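Asks: The listed protein sequences correspond, in order, to chains A and B. All letters in the first sequence, in the order written, are residues 329 to 878 by the working numbering. All letters in the second sequence, in the order written, are residues 329 to 878 by the working numbering.
Hints were generated in silico from the structure; no laboratory data involved. Values in this document were obtained by computation on a predicted structure and should not be read as measured data. Just to be clear, a hint being listed does not mean it is correct.
Identical copies look the same in the list; a pair holds intra-copy or inter-copy alike.
Computed cross-link-like contacts, SDA-like style, restricted to lysine to any residue with a CA-CA straight-line distance of at most 25 Å [to be verified]:
#, residue 1, residue 2
1, LYS454, GLN520
2, LYS540, PRO614
3, LYS671, LEU430
4, LYS540, ALA552
5, LYS454, LEU721
6, LYS671, ASP406
Here's the letter readout for the chains.
There are 2 protein chains.
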Amino acid sequence: MSLALGVDFGTESARAVLVDCTDGREIGTSVEPYRNGVIDARLPAPDDDVELEPDWALQDPRDYVRSFEGSVRGVLADTGASPDDVAGIGIAFTSCTMLPTLADGTPLCEVDGLRRQPHAWVKLWKHHAAQPEADRINAVAAERGEPWLRRYGGRISSEWFFAKALQILDEAPEVYARAERLVEACDWIVWQLTGIESRTACAAGYKAMWSKRDGFPAADYFAALDPGFAHVVDEKMSRTLLPPGAQAGGLIERIAESTGLRAGTPVAVGNVDFHASVPATTVTAPGSLVMIMGTSNGHLLLGDELMDVEGMCGVVEDGIVPGWFGYEAGQSALGDIFGWFVKTVGSTHEALAAEAESLRPGETGLLALDWWNGNRSVLVDADLRGLLVGMTLATRPSDIYRALIEGAAFGTRVIVDVFERAGLPVDAIVACGGLPDRNPLVMQIFADVTGHEIAVAGSRQAPALGAAMFGAVAAGAAAGGHDSIEAASHAMGHLSGTTYAARPEHRDAYDVLYGEYVRLHDLFGRGGDDIMRRLKRLQIEAAAVAPATA
Amino acid sequence: MSLALGVDFGTESARAVLVDCTDGREIGTSVEPYRNGVIDARLPAPDDDVELEPDWALQDPRDYVRSFEGSVRGVLADTGASPDDVAGIGIAFTSCTMLPTLADGTPLCEVDGLRRQPHAWVKLWKHHAAQPEADRINAVAAERGEPWLRRYGGRISSEWFFAKALQILDEAPEVYARAERLVEACDWIVWQLTGIESRTACAAGYKAMWSKRDGFPAADYFAALDPGFAHVVDEKMSRTLLPPGAQAGGLIERIAESTGLRAGTPVAVGNVDFHASVPATTVTAPGSLVMIMGTSNGHLLLGDELMDVEGMCGVVEDGIVPGWFGYEAGQSALGDIFGWFVKTVGSTHEALAAEAESLRPGETGLLALDWWNGNRSVLVDADLRGLLVGMTLATRPSDIYRALIEGAAFGTRVIVDVFERAGLPVDAIVACGGLPDRNPLVMQIFADVTGHEIAVAGSRQAPALGAAMFGAVAAGAAAGGHDSIEAASHAMGHLSGTTYAARPEHRDAYDVLYGEYVRLHDLFGRGGDDIMRRLKRLQIEAAAVAPATA
């Protein structure tokens, strides 16, 4: 038996999955929460008198190691798998999650005298306090006409690597000075596992403005941000980036002992969770859009050329599957919006969906701009906010619930349209993440609104499965793994068999509503109307077709 | 002892109040619900197989008589008052609530063969099925340049008299033909009490395009609507309109017997509930805006000239207080919106208000257009709908509750601004209706947003008290009443003593938010922005001033 181990580091926990390399069967899973979770109010005890400012979100790097060890021990114990059968290990991780370390990888928050300094900790992906730095990064890049800016939709997010790094320099220059390395968390954990500092092209490409052809931005660009930032790459990072599936090294003895794994087990370079999911959904070539639907929604698509696509989170050669350009777009909230509403009205998804599912397009009289957490693609504007229009005294919670789902689906259709207009066809959609299994109504509305059949991936834990695939590739076929991610995906990836077909009878109404959405989207998202009357007319028309719903 | 009896016919019940003519003390109240309530789904048994179309709202005229009798008997019994002490009777009524009758006042729904015909029943004020007729009334008036249209904000509502009358002609010409009289319900009940058909200038002026100077629109205008409608006024109405406080006649024997009142007791001409409230709040002269705050919000202001004021519901000479022009504006939903939200989130006004009251202007990050039931003033557009913008994943129900209140307050400030720009000063605001006593947070926010101190009227039943005042005037001072509504108001009207002062520290922030509201109001209400960023900034600024609220 040949197995691959994938470990997915999420926002709250690490999840270890053991997968059969021959057929992708997931033989066991173990989840280990982070002891200190998301640190967003105060540092952990005994330093809990140190309060964090709004928008901060930190983590404790020690949690990553502990949760790796705990989850791996758990899955080995649960399955009784032999460590000798584990051909390779792959990592998926939230991103950009980054930390400052010493040259040996020691996190600065573990260095004497720095523990009470928030900037010495891991900045989690949802740390949003580096907006001034992101603004500067964007303004200087625009002023200088930096060519790489176009690959990121014309705007760098405050969540990304150099915004977070520059915030350290701005606010805690002494911490910045002590940081001998600035490193993505996925690369840091691989460093801890292998003893070797390696860097993944995936995170560097999507979050640190690196490209295979042009490398990082030039030193004079960084100097224009801050003279002290000029040599950030050469002083604290690395210009050697490895593609997904490359072997970073073998598992070191200490971790082998603490987990029960075999020392020397091949470990793949780190990977970003969304991107690792793509081969897990069977997609390793252009034409199929992968949606990673959870609290937010990620849209990943492969292409054979570098195209100019509006509002991408990023486009990275070899970033997802070596040999292709990986395009990433996204909606910064999806399940989070529905969850917000369920909490707001004190209901349940099931009850609201039961009432909302029989409504026809337009029958709610409502339209929502799904920007409760800003707009990632295609507007790339975190300051945008939600909008709901069309309420009357007769509007029911289930009407609003449905309108929120429709708004999110319209947001995805905008992304699909932008891909297709740029010359990147979307012939099929595959969905993974936690939402597809939990909320069929969301899936059906996304199919109806986009006009595409949506196939649901077979695994409920696509990032971990994808990480295992890359672990198998790091091992190679000769060692029981696979020689390419295509081969691994072909053998180990699978769909669930559940599909949602677009219902042609809803097409016209959704086309009209989508037109309204795009108009409001452009009005409020791109910088100037009387939509309510038209919505009411659509509602009356829908009511004339459908019987009123109880 | 000299008493006046005021009876207020609301949407669900009639309320009889006995008031001391010397000091306005309310010595007793009795409420009698309408047996058939609001008829909006099917006719009452035994004709309950007759279903009504959407937007219909009817009443049973017999309920008015029954509830008058029941409530008056009740208040006489409760108080032990002598019928000889009742100097006069006044009526307040919802409007436009109208019905077709025979020449003797018999409602057509009581005529053989017409009971199963919905058009033979009373059309309640909130019967909204005459929109096509209102559209025609407006289009033809605009095309002909009818001068009276300006007195009604340029648009006649589907709720009003001729829209409802024309709907009868359009949809049930046989009912229209049988209707020897078309009459406001307030006039009809006075007819039942006195045996004399009289008509009030108030309802005719506000709801039937009549004015003291120009009378009704000309026959050729009505003919342009429908040739059969040309002589509606002369055939089925009256050109004799009496001002509020005029005596319609004396109570007939039969009603005296059924109620215990004295036959011959002077009865004032009918009055509309909102308008009757004005003297009850002590206002009988220009300068003080009366707000009647309940499910909707009415704004009444007196002026000494006929001015052109945008978006009035109407302006009527002698319509409220003889000698003045009475201006009426309104918001078509107020408490209804807050009630909708409480129901939507399954909370209580008290719980939401407790959380919302400590928020500062801008702290919610939200802005609402308060158009859940359309916009009456100043846009006069029933098709407008609610809008809420600025939601994030952190938005709480109490944030939305407060934003809805602020939106309604901004809507009132638009009306105040329009009055003042037209040359009608608003020096003071007096509030009556059910809401001021129940929701202090609403009152405080209205004061803060308008910048005016708001005094709360003394009576919780201002329409009934006002009706009693007009009853006292119909009786006259010699009979124990008063010789003018000014004298009656001076003696019988009172304030509660509760006032809400505008807090100067909230002034600047509300001025900014009001600017945003006006921009969205004009964008969505008048025919073309990026407000969210500014809202976020305001929220951050507010958060920087105020501690976060639990």
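Asks: All the hints need checking, so say for each whether the structure fits it.
Replies: Status of the hints after comparison with the structure:
1. Taking CA atoms no more than 25 Å apart as the test, LYS454 paired with GLN520 passes inside one copy only; the shortest distance there is 23 Å, against 72 Å between copies.
2. Within a single copy, LYS540 and PRO614 get their C-alpha atoms as close as 19 Å, which meets the 25 Å cut-off; across copies the closest is 77 Å, which misses it.
3. Taking the shortest alpha-carbon separations for LYS671 and LEU430, neither the intra-copy value of 43 Å nor the inter-copy value of 57 Å comes in at or below 25 Å.
4. In this assembly of identical chains, LYS540 and ALA552 lie within 25 Å of each other by CA distance solely inside one copy; the values are 23 Å within and 76 Å between copies.
5. For the identical chains of this complex, LYS454 and LEU721 are inter-copy neighbours only, at 13 Å across copies versus 37 Å inside a copy, given an alpha-carbon limit of 25 Å.
6. In this assembly of identical chains, LYS671 and ASP406 lie within 25 Å of each other by CA distance neither inside one copy nor across copies; the values are 35 Å within and 48 Å between.
The structure fails to meet hints 3 and 6 from the earlier list, while all remaining hints are met.
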